[in-house]
Amino acid sequence: MTQTRNITVNGEAKSVSVPDDMPLLWVLRDVLGMTGTKFGCGIAQCGACTVHLDGKAVRSCVLPISRVGSRPITTIEAVGNTSAGARVQQAWLALEVVQCGYCQSGQIMSASALLNQTASPDDADIDAAMAGNICRCGTYVRIRAAIKQAAAKRAA
Amino acid sequence: MPASKLISHSASRRDFMKSVAAGGFLLAFYVPARAINEPEQTPTDTKGKFAPNAFIRIDKTGTTTLVMPQVEMGQGVYTGVAMILAEELDADPAKILLEHAPPNEKLYTNPDFGIQATGGSTSLRAFWMPLRTAGATARAMLVQAAAQQWKVDPGSCTTSRSEVSHPASSRKIDYGALSDAAAKIMPPKNVPLKDPATFVLIGTPLKRYDTPDKVNGKVIYGIDAMLPGMKFATLAACPVFGGKVAHADEAAAKAVSGVQRVILLDNMVAVVGDHMWAAKQGLEALKVSWAEGEQAEVSSADLWQDIRTASHKEGVVAKSRGDVEKGLSTGQRFEADYELPFLAHATMEPLNCTVLCKEDSCELWLGTQIIARVQQTTAALTGLPIEKVTVHNHLIGGGFGRRLEPDMALNAVRVAQQMKGVPVKVVWTREEDIQQDIYRPMYRNVISASLDGGKVAAWKYKVCGASIMARWLPPAFQKGIDVDAIDSAVDMPYDIPDFEVQYLRVEARSVPTGFWRGVGPNNNVFAIESFMDELARKAGKDPIAFRRDMLGKQPRLIAALDLVAAKSDWGQPLPSRVGRGVCVQPSFASFIATVVEAEVDQQGEVLLRRITTAVDVGTLVNPDSVEAQLQGGLVFGLTAALYGEITIKKGRVEQSNFHDYRMLRIHQMPRIDVHLIKSGEAPGGVGETGTTAGPPALRNAIFAATGVALKRLPIDRSALAGSRS
Chain L
86 MTQTRNITVN
96 GEAKSVSVPD
106 DMPLLWVLRD
116 VLGMTGTKFG
126 CGIAQCGACT
136 VHLDGKAVRS
146 CVLPISRVGS
156 RPITTIEAVG
166 NTSAGARVQQ
176 AWLALEVVQC
186 GYCQSGQIMS
196 ASALLNQTAS
206 PDDADIDAAM
216 AGNICRCGTY
226 VRIRAAIKQA
236 AAKRAA
Chain W
15 MPASKLISHS
25 ASRRDFMKSV
35 AAGGFLLAFY
45 VPARAINEPE
55 QTPTDTKGKF
65 APNAFIRIDK
75 TGTTTLVMPQ
85 VEMGQGVYTG
95 VAMILAEELD
105 ADPAKILLEH
115 APPNEKLYTN
125 PDFGIQATGG
135 STSLRAFWMP
145 LRTAGATARA
155 MLVQAAAQQW
165 KVDPGSCTTS
175 RSEVSHPASS
185 RKIDYGALSD
195 AAAKIMPPKN
205 VPLKDPATFV
215 LIGTPLKRYD
225 TPDKVNGKVI
235 YGIDAMLPGM
245 KFATLAACPV
255 FGGKVAHADE
265 AAAKAVSGVQ
275 RVILLDNMVA
285 VVGDHMWAAK
295 QGLEALKVSW
305 AEGEQAEVSS
315 ADLWQDIRTA
325 SHKEGVVAKS
335 RGDVEKGLST
345 GQRFEADYEL
355 PFLAHATMEP
365 LNCTVLCKED
375 SCELWLGTQI
385 IARVQQTTAA
395 LTGLPIEKVT
405 VHNHLIGGGF
415 GRRLEPDMAL
425 NAVRVAQQMK
435 GVPVKVVWTR
445 EEDIQQDIYR
455 PMYRNVISAS
465 LDGGKVAAWK
475 YKVCGASIMA
485 RWLPPAFQKG
495 IDVDAIDSAV
505 DMPYDIPDFE
515 VQYLRVEARS
525 VPTGFWRGVG
535 PNNNVFAIES
545 FMDELARKAG
555 KDPIAFRRDM
565 LGKQPRLIAA
575 LDLVAAKSDW
585 GQPLPSRVGR
595 GVCVQPSFAS
605 FIATVVEAEV
615 DQQGEVLLRR
625 ITTAVDVGTL
635 VNPDSVEAQL
645 QGGLVFGLTA
655 ALYGEITIKK
665 GRVEQSNFHD
675 YRMLRIHQMP
685 RIDVHLIKSG
695 EAPGGVGETG
705 TTAGPPALRN
715 AIFAATGVAL
725 KRLPIDRSAL
735 AGSRS
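So the sequence lines, in the order shown, correspond to chains L and W.
Take 86 as the starting number for the first sequence in our numbering and just add one per residue.
Take 15 as the starting number for the second sequence in our numbering and just add one per residue.
Please note that a few of the clues may not be correct.
[Claimed, not checked] Derived CB-CB ranges, DEER-like:
1. Ser155/L - Arg731/W: 45 to 51 Å
2. Asn166/L - Leu621/W: 38 to 44 Å
3. Asp674/W - Ala237/L: 35 to 41 Å
4. Asp106/L - Thr218/W: 36 to 42 Å
5. Ala213/L - Ala394/W: 49 to 55 Å
6. Val330/W - Asp207/L: 15 to 21 Å
7. Pro149/L - Lys581/W: 26 to 32 Å
8. Gly140/L - Asp263/W: 42 to 48 Å
9. Ala179/L - Lys581/W: 23 to 29 Å
For the record, the hints were derived by calculation from the structure and aren't laboratory data.
Beta carbons: idealized from backbone N, C-alpha and C, even for Gly.
Produce the complete structure using the sequences and hints provided.
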């Protein structure tokens with residue numbers, strides 16, 4: 086059933102009239118025109134669609150809009166306004182993590198959610214937080230190094 | 015791409031053309047281009063005039079624009095190409111802009127292909143000399159312009175960071191200020207190039223141009239195109255290759271909220287909605303019955319039987335030296351067959367294309383490796399004149415060979431033709447992307463070899479598989495030989511006196527096959543390097559020592575092999591069920607030796623422990639991009655070795671998404687150490703060589719760890735469970 090909902094995306098109130106079961110991914114991309122969040126698999130297997138809901142990483146491709154409620158949504162377009170997000174973006178560029186870049190919105194959202202929860206993650210923390218994000222270009226080695234660099238920047 | 019080896023790289027500059035546009039400086043130049051086996055084309059247009067295919071523009075602000083035909087898909091080509099130009103031009107790299115070339119087959123031809131394409135690790139190799147020459151020529155013209163203005167000897171002027179200086183009089187002038195004057199100077203001939211020892215940019219790890227917008231969500235891939243009034247569509251082709259739509263009941267689909275149209279075409283259906291969710295829900299609700307056709311009962315077992323039966327036949331001899339039959343009858347003879355499966359590309363950006371069809375025009379938005387072919391095939395499909403088809407190219411969310419095909423554009427155009435005047439974004443679901451791919455062919459390689467005195471005395475090798483070139487670039491399939499399928503087999507690096515390579519074309523019935531990262535070599539290097547390991551063991555020799563003794567004509571490979579042996583701790587003791595495996599290859603004009611260290615547990619699961627690679631790719635244009643391409647290429651190849659297999663059942667692809675077409679993930683990745691060897695040679699390809707290196711090195715590590723000589727990919731865990739250490 087379609088109804089009008091008010092959601093908060095990157096600090097802005099948005100009103101959308103969409104079906105209850107419509108995943109947040111398509112609301113962001115096709116209704117709000119925010120294309121930074123990517124479609125990769127549609128079944129929460131690849132992590133390309135990762136956004137923050139109340140600061141935690143969620144797969145927007147399987148999150149029905151009806152379950153969002155009043156919790157704030159943060160996407161790649163605004164994660165740089167957070168301390169962890171900015172540090173992750175800077176480390177990504179400093180270490181030239183990115184190749185094709187398509188998965189990197191999701192990687193950065195997962196990594197910054199990790200730093201929000203665990204300020205100095207070890208390898209096991211990184212594995213646990215990042216194993217849901219596939220990178221077909223194979224940038225994993227640099228992703229790990231960049232997360233550590235971003236974490237160290239806070240300590241410094 | 016094999017084509018590169020068959021084409022003489024006559025990099026000599028034929029001619030330059032300059033013109034004065036609306037002020038500023040324009041240098042047009044030509045990159046020699048011809049299709050394989052064709053005579054070199056004279057660079058003339060239809061009126062017999064010189065026809066350039068690349069352009070350097072310098073405006074009055076000093077901004078230098080290179081209009082270039084290659085497309086960025088993550089490999090760092092924009093940055094690498096810009097660095098080469100900036101080096102010889104002595105331009106400030108921050109002032110260089112890159113423009114996608116519009117589709118024009120004649121003007122933007124990749125010299126290795128003879129068509130406008132990005133693939134086969136050819137970009138930097140192909141443009142190395144032409145770009146350097148063009149940069150040096152433009153620099154000479156700017157210097158000449160400054161010298162005339164100052165009334166000094168051009169030889170007394172120097173250049174740096176987009177400025178000409180006259181040190182004797184402490185004068186300086188910016189390239190932008192010289193652009194009008196330089197435009198009036200005739201391009202000089204035979205301008206000397208820099209001594210590589212004096213390079214200031216090439217060889218430095220310059221930051222990539224394309225990455226800042228890739229970390230903040232601003233980058234626009236084809237799938238991100240947004241147009242006013244746009245609708246969204248998704249589609250399903252008949253799951254059996256070659257099948258048609260028999261009947262569809264549209265009622266349930268049309269009842270889905272947000273569905274606008276149901277489109278039925280001969281072999282596929284599409285649903286158009288207000289957003290992708292509506293289209294997707296509508297497609298799921300659509301009840302389609304298919305006329306599956308004659309492939310409806312085909313399974314992978316049938317296709318393997320086809321290729322195995324055919325492989326007993328003689329192929330076409332692609333290369334021979336000595337007397338292979340005589341050689342095989344001396345010494346100890348060994349035989350083996352190696353088989354590789356169909357593979358999907360699974361680019362992270364699923365197939366997509368946005369199209370606006372009108373009565374008299376068609377406009378497309380997508381990311382493609384073959385923009386001109388997209389334009390041509392769209393014109394042919396729609397019946398429109400080619401100039402009425404506009405293609406907007408975008409950065410690519412993963413190519414790996416998939417975007418060397420125009421099918422996503424054509425199928426999207428077929429949908430949009432039913433929606434005239436309305437822009438439609440057509441996005442494949444991941445399931446459709448995997449099940450309607452154009453697959454890396456399945457291959458069977460049949461090898462006989464003899465050992466004599468601890469060396470390979472004779473080698474007979476037959477590649478059996480589908481010909482991609484016969485469909486994709488027919489001039490590269492002649493006299494029964496596909497030049498891609500035999501790449502890295504006909505030119506294998508070992509000194510073997512009696513030698514023969516054959517190619518046998520075996521098509522996979524109606525399963526479509528195409529290029530996949532690593533192309534022909536990813537098959538051949540696996541078979542060659544796997545069998546080399548088995549022969550080393552038969553000869554009682556260490557795998558590296560055995561190879562090294564046969565690489566007498568390959569100093570660059572020996573250097574790589576020695577370096578990787580030292581850096582990987584080759585020969586040092588390892589725990590039980592852990593092994594190291596090596597792979598050596600000169601593919602894509604890069605010389606690489608790789609060692610994978612892996613553990614096989616009692617259940618047969620394979621764990622990567624360490625990856626070490628040493629590579630001489632010639633001149634390192636951007637060392638950081640080279641390292642990144644090696645790291646990524648290894649992951650891509652190892653993913654396929656561990657998991658990659660597309661299987662067919664009842665005419666359909668069985669896999670559908672990342673749960674059953676698996677990828678390596680971060681927690682499975684060990685350290686990867688890339689050791690770059692400095693070299694003054696022309697740059698080799700780096701996009702694919704890691705991909706071809708990974709699988710045989712892993713397979714040989716498993717052989718060392720368990721004694722199990724795997725003969726096919728992906729790795730069969732059941733064969734490894736509980737095997738001896």
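Which numbered conditions among the earlier hints are violated in the structure presented, ordered from lowest to highest?
4, 6 and 7
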